[in-house]
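Asker: For reference, the chains in residue letters:
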Amino acid sequence: MVAGSFSVAQKPIAIKGGKVITMTGETIENGTVIVRDGRIAAVGKDLKVPVEAQIIDATDQVVMPGFVEAHTSSGMSQANETNQTVPYLSVIDSIDPMNSYFRDARRNGITSVAITPGNSTLIGGQAAVIKTGGDFVDEMILKPVAGIKISLRPVSGGRMSHLAKLRKALDAAKKKLADKAEAKKDKDKKESADKKKDTDKEKKPSTATQPETKVESELDKAMFALLEGEIPAIIYCEKAMDVGQAIRLIKEYKLDAKMVLGRDCHKAAAQVAQMDLPVVLDSTMVYWEEDPRTKEEKKIVLPEIFREHGVKFVFQVARSNSQTLGSNFLWYQAATAVKYGMSEQDALEALTILPAKLHGVEKFVGTIEKGKDADLVILSGDPLKVGTWVDKTIVSGEVVYEKDKDEQLKRLLTGEETDSE
Amino acid sequence: MEQLCLRSKNMKRLIIQFTTAGLIFFLLAAPQLAHAEDSILISADTVYTMNGKTLSPGQVLVVDGKIKAVGKTVSAADSSTQEIKLGPGSVLMPGLVDPYSQTGLGDDGTDERTEEITPNFKAIHSVDWEKSALRRQRENGTTTMCVSPGRQNVFGGITAIIKTYDAGNPILNEDGALIASMCSDPTASNRSRSRPDTIFVRQPTNRMGVVWMLRSTFDKVNRASAGESEFPEIKQVLTGKRPLMIYARMSHDITTVETLANTFKLSPIIVGGHEAYKVKEMLAERKYPVILDRIDTRATTGAEQSKLCWNQAAVLDQAGVTFALCGNDLLDQARFVHRHGLSREKTLAAITATPAKLLGVQDKVGMIKPKLDADLIAFSGDPLDLTSRIQWVMVNGQVLAHSKSITETNEKNNDAKLGGDSVKTKEGN
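Chains as they are written, first to last, in this note's numbering: chain A, 1 to 421; chain B, 1001 to 1429.
Looking at chain B on its own, in the form it has when it is part of the complex (with noise of 0.2 angstroms):
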């Protein structure tokens, strides 16, 4: 396992012979790569497959923007096949997978706020697929996101797993979870009906009331026959054909939702899971996963008061508990997941083959393996490493070049300089 880390001696020279040698491979190459239909041979130094094998060096074919051949020698397709040759160090890795995301979706919020059960919103329809935020993501190595609605209400909606790039197939299942949540936020801002003329006269107020909610309207679709239900969305959840996520974080919460489980038979997917290491027993049993909120490297408690645990994922993972990652900065999220104690494998599974999988959508992405989408991130060095940059992002088996820094387009923005406009940020690695 250690044999994978990379000399942090050799860093410095590799990352300067990267950015040159990365400029002029886009500068030359770039355009030429922008077609799916060619095949492609990328050769690195290592290539974690997220399948049990770590190839060093390993060799991977892309073939009409899905993944051919992965070996530690492939030979290429036919004399047309493109060849990148990354340099010394460099690792290939599958595109990372978010299994819970907000980001890309519309600027009018994630949340219905008139209603509280709205299990038929689909997040597919707030795509925006301009939006920057998708770019920000596959620049941090993001391939795939599973899109959900917000958190703010009982039953959010259903969630819609997608490619962060428009290659032109990046819907992989505008159908997905329910996503329901146990906490407090859905009674965030609902006020008493003394004010009937606001649109915040909804229900609930307090946490036994979100907890009602769910309950009865899991009752009422219960009885419910499968035509003349209200809820269609959440009748194919009580009959396992749909699976449900529901977002929550202190102990007692998942507790609860163990217990609503019990009572509708579900198999839920556990979301935010802030305190999931104070029931990890009850969880390794029930077979329930867990996709954690991200970490933050300074908190000691959460929202709700949770209390964190830092090294929880490594707490889950002895105690036989499946969990994924998820974040805007996943690289980073994982990095410091791996510094807080899990091993170097989980952590990259937990970035990828596992939220994949978790997903159901292991057949397409999370992996180097034939006949999966060609999503790949080739990295300098070590992708646990804070000093490795990423050289470019695959998805689809297009090759899309890392943005360049702001000294390369400098010269042009001068005029904007010391301009008093507002300027919008965003903070991001």
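Isolated chain A (complex conformation) (with noise of 0.2 angstroms):
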């Protein structure tokens, strides 16, 4: 269904005749969208179009940049490993393209995912972004490493034992660290004086053993990329007192973390709002809390909270089984935060950009800008009604969903079987 994107030239598309909700702060009225080589070549009004370029006509639809996602533990054939203490491994191994996830991500506009290890783990190894177009992880793949996930939610145990786990393996992390410093700083001081020697005494043979060079574990490495700031740390944060250890953690070993809060957190916003973190929400947005004394319930309602406290925020959606209808949804999320007050304009960056920037991959998605993967959606309708549906999603050029030939969508809607089925 899905060609490979990194085939050879393809021929160029212009998406002519709708509204371009480009997410640079400009939306263009019948507007043109050029994608050449799987970029944006052009975006703009009355743009000349190649001759020999597919036409998609848009009239009356709306196109946007892609959704992305920024924290998913779908899409893999398992979302932890036993194993609790990996930051080592990949999703990238673990990735299944034919997982019902992309076809699902594909037909709902998500154009860019980080698959994210669960949060059933200590450290859980590391994140990437990519595409959810194609048929094989290599042709996938946006950003190789996007952070290493480390959950503070205990997987069996309690909480005293699973953070002693993880300081532990940090701490060790970290003097390894400060010792391969500090033989770096001898063999240094050595070589030098060595040097020195040498130029004092030519041609006399260095007596000094030479300081054996430990090969690193795939461990250690990826401790020390933790460490030195190199790997992000995505810290999933269950409740909201799991949000000061994060801060602890972050504050002592000096981590460029980014938070996933699940919706207790919602207590810790101010905290959050201080350390400026970049935060998912959980995916239930809207619920009631029942007080564990009064019994008194109360609504809560996530993205009002985090926004008064002025934390950005991006969405997730529920992976399974969630009794909120439409949580499956980017959009619905979306539309959620702005039925409770926040700004169009916000919710769609929350949906795009936003997310890019998280995960350091703005400089590819998240707008309709000239250079940028051709990663769009063509919606029916303006983005955050009921009613709209994604026409065609396009991910790096190529046409990967089309509502039109969408066999199973079909089924669904009209309660036929098709042939195709």
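I should point out that these hints are in silico values taken from the structure, not numbers from a laboratory.
Incorrect hints may have been included.
Here are the simulated BS3-like pairs of lysine-lysine, each with C-alpha atoms no more than 25 angstroms apart in a straight line [what the hints assert, rightly or not]: (1) Lys-410(A) - Lys-1357(B); (2) Lys-1307(B) - Lys-1085(B); (3) Lys-405(A) - Lys-1371(B); (4) Lys-254(A) - Lys-221(A); (5) Lys-143(A) - Lys-372(A); (6) Lys-1053(B) - Lys-1307(B); (7) Lys-1307(B) - Lys-403(A); (8) Lys-1068(B) - Lys-410(A); (9) Lys-1346(B) - Lys-298(A); (10) Lys-295(A) - Lys-1131(B); (11) Lys-1066(B) - Lys-1364(B); (12) Lys-48(A) - Lys-372(A); (13) Lys-45(A) - Lys-16(A).
Under 10 angstroms between C-beta atoms, here's a sample of chain A residues computed to sit facing chain B [claimed, not checked]: (14) Thr-85; (15) Lys-295; (16) Glu-296; (17) Gln-323; (18) Ser-327; (19) Val-338; (20) Lys-339; (21) Leu-384; (22) Leu-412.
Just so it is clear, CB atoms sit at the ideal spot from N, CA and C, and this is done for glycine as well.
Build the complex from these two chains, which are given one at a time in their own frames, with help from the hints.
Answerer: Below, the structure written as structure tokens:
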């Protein structure tokens, strides 16, 4: 169904007539987007369309940058490894391009996604930002290492031992890193001393024994990268109390952190705001919370709380069996935020450029701009309307989804069996 | 029809206006409005009467908890009439009617697990008016509910039709329909008689047993004379004096219901109906209405491996089948049913007028028309728009302020922050 995106020269595509929401602040009525070699070649009004271009008529439709999902553990053969301290493993080895997650993602307008190890882990492995179109994982990768997942929710046992294990791993790596730096210093000193000696007494062989260069384990390498800020930490906090722990860890080990917050974490919104950390909200954004003492219920609206604290956040969708109808759609999450006071512009940013920035891929995706990847979604109408459908999804210049050809959707909407199923 | 759609550009501005205006309104006006004896004149940009007419703008006069008058312009009852003017873009519509629910019933379950035939059990005896579930329901716009015993019994009991707010007279009908099950649910956790000491020694253990128990019970009651029947409720169903609701999901179960209905001359309301679309012609011909289970936007199969059709409401509508929606999130259900293909009017009818009619309470609720109960919802915008908010809900003429969100009450609970207590939560919107 999906051809490889690094296949040979594609015909240019011209998407004409639609309302182009570029997310750079400009919305072009009756605009044109020209796609060449998988990238956006031009965007504007009354553009000259190359003669050989394939024309996509988007009249009365809306053209947007493809949606970027900032955190999911779907699309993998298994969200978590049994071993809980595996920062050297990569989700790339577990991504299954045939997983129905990717089909649904394309249907829902998602073109890039940060696949992240699940929350049932300690140091769970490396996340990757990938495109949703492709048959082989190699051709889908946008950013192979987007972060190392750290979960503060204990898998088994209590939080004390979970945190202790985490600190032990971090401390061990920190010490090794310090030793390494010390050894390097010694070595440098020795070398310069040797050099000096050499210049003093020429041709006399050095008697000093060279310090052994230790072969670093995969674990050490990954932990060093985490501690040196080369790889960000994607920290999952289940409860508000975890946020405090996360902040302690971030400060103590100087982590470059991004937060994935369980719904209870709204109680720590002020702390999150103070740290100015990028945040992925829980997929259940509106719920009723019962006071443990009084049994009184209170309506909690996550986007409202975090917005009032000035926290910038992006959305994630429910993996399964959520009671909230529609929470499996990113646009539904955005519409919910708008319902509770977010501006439509901010909500659309939280679907596109904000998650792209969160994972540092904003040079490639998140807006419709010349030179960026041609990841586009063509919608039947305004993005946050319940009656709007994804008509076409384009990943790296290739049409990977067309509603007209979506046989499964056709069956679900008509109840009639089709031959191809 | 499309003129009712509100333009999204205005939405943001509206919502901001509404949140501020709404808050001030409640702080100032809510206490005075709490008396049902008062007359209230409500003006909205659009009034969906669900009575075939849509007024824009429109006014509704409420006197003593009942709707007194509806029209483009309605004159106030007297000088003491309070006025509620809803802002631009506002929509007023009847309170929603949920025709099948277990919400609001006691925590001890909705199924009797010792017997399989309990037609004499009444849901009304399990209604807990203090339950916050009822509050969640009305904050989601539902003002009338048909609460039903569960579906793990072959004959579960008698439904009750209630308001979601105890405003003096919250019971519409405490002696509603008989609910029966034609699905695999009554067999759940039943085992064979090898363990006579457990309470789970009950029949049936498979679907054939369910059909047999339905059939044999109907037959036994049919043969008995009116006075001596063990189950007068079933007798009333057989003599057409009490409605029958049967929970059936799969198409073959619905067909079985038809066979039973033919044999015993019943006219059942089908509840569940996951695969009703597969037997739509029969349902249309027999005029069996269907109360459709909640849809799911990610599942392609439902319980018992039923094959789902997301757009079944529109498919049934085209075939001429009467249907209503149910669920704790009726509004979102309606929005997605509309997304999947059902027209605006039909979608709104499926959560108001149609279920009211199915429940036989159309003279009380489901529309905005004179003499009906003043059960209303005020929206900030198009009710089918995901970004519209409920401003307030009125039950029997009483305006119920929408619960304030956490940011307004946060300070009070600061001491509870970061606590170790487990917090129970429920999803909702």
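Asker: Look at each hint and say if it fits the structure.
Answerer: Tested hints:
1. Lys-410(A) - Lys-1357(B): violated (32 angstroms)
2. Lys-1307(B) - Lys-1085(B): violated (47 angstroms)
3. Lys-405(A) - Lys-1371(B): violated (51 angstroms)
4. Lys-254(A) - Lys-221(A): holds (17 angstroms)
5. Lys-143(A) - Lys-372(A): holds (15 angstroms)
6. Lys-1053(B) - Lys-1307(B): Since the Cα atoms of Lys-1053(B) and Lys-1307(B) sit roughly 36 angstroms apart, the hinted pair is violated (cutoff 25 angstroms).
7. Lys-1307(B) - Lys-403(A): Cα-Cα ~21 angstroms, so holds.
8. Lys-1068(B) - Lys-410(A): Violated, at roughly 47 angstroms.
9. Lys-1346(B) - Lys-298(A): This hinted pair is violated, its Cα atoms lying about 33 angstroms apart.
10. Lys-295(A) - Lys-1131(B): holds (11 angstroms)
11. Lys-1066(B) - Lys-1364(B): holds (9 angstroms)
12. Lys-48(A) - Lys-372(A): This hinted pair holds, its Cα atoms lying about 19 angstroms apart.
13. Lys-45(A) - Lys-16(A): holds (9 angstroms)
14. Thr-85: Interface hint status for Thr-85(A): violated (26 angstroms vs cutoff 10 angstroms).
15. Lys-295: holds (8 angstroms)
16. Glu-296: holds (8 angstroms)
17. Gln-323: At 4 angstroms from the nearest chain B Cβ, Gln-323(A) passes the 10 angstroms test, so the hint holds.
18. Ser-327: holds (8 angstroms)
19. Val-338: holds (5 angstroms)
20. Lys-339: holds (5 angstroms)
21. Leu-384: Holds. Min distance 6 angstroms.
22. Leu-412: holds (5 angstroms)
In this structure, the hints that do not hold are numbers 1, 2, 3, 6, 8, 9, 14, in rising order.
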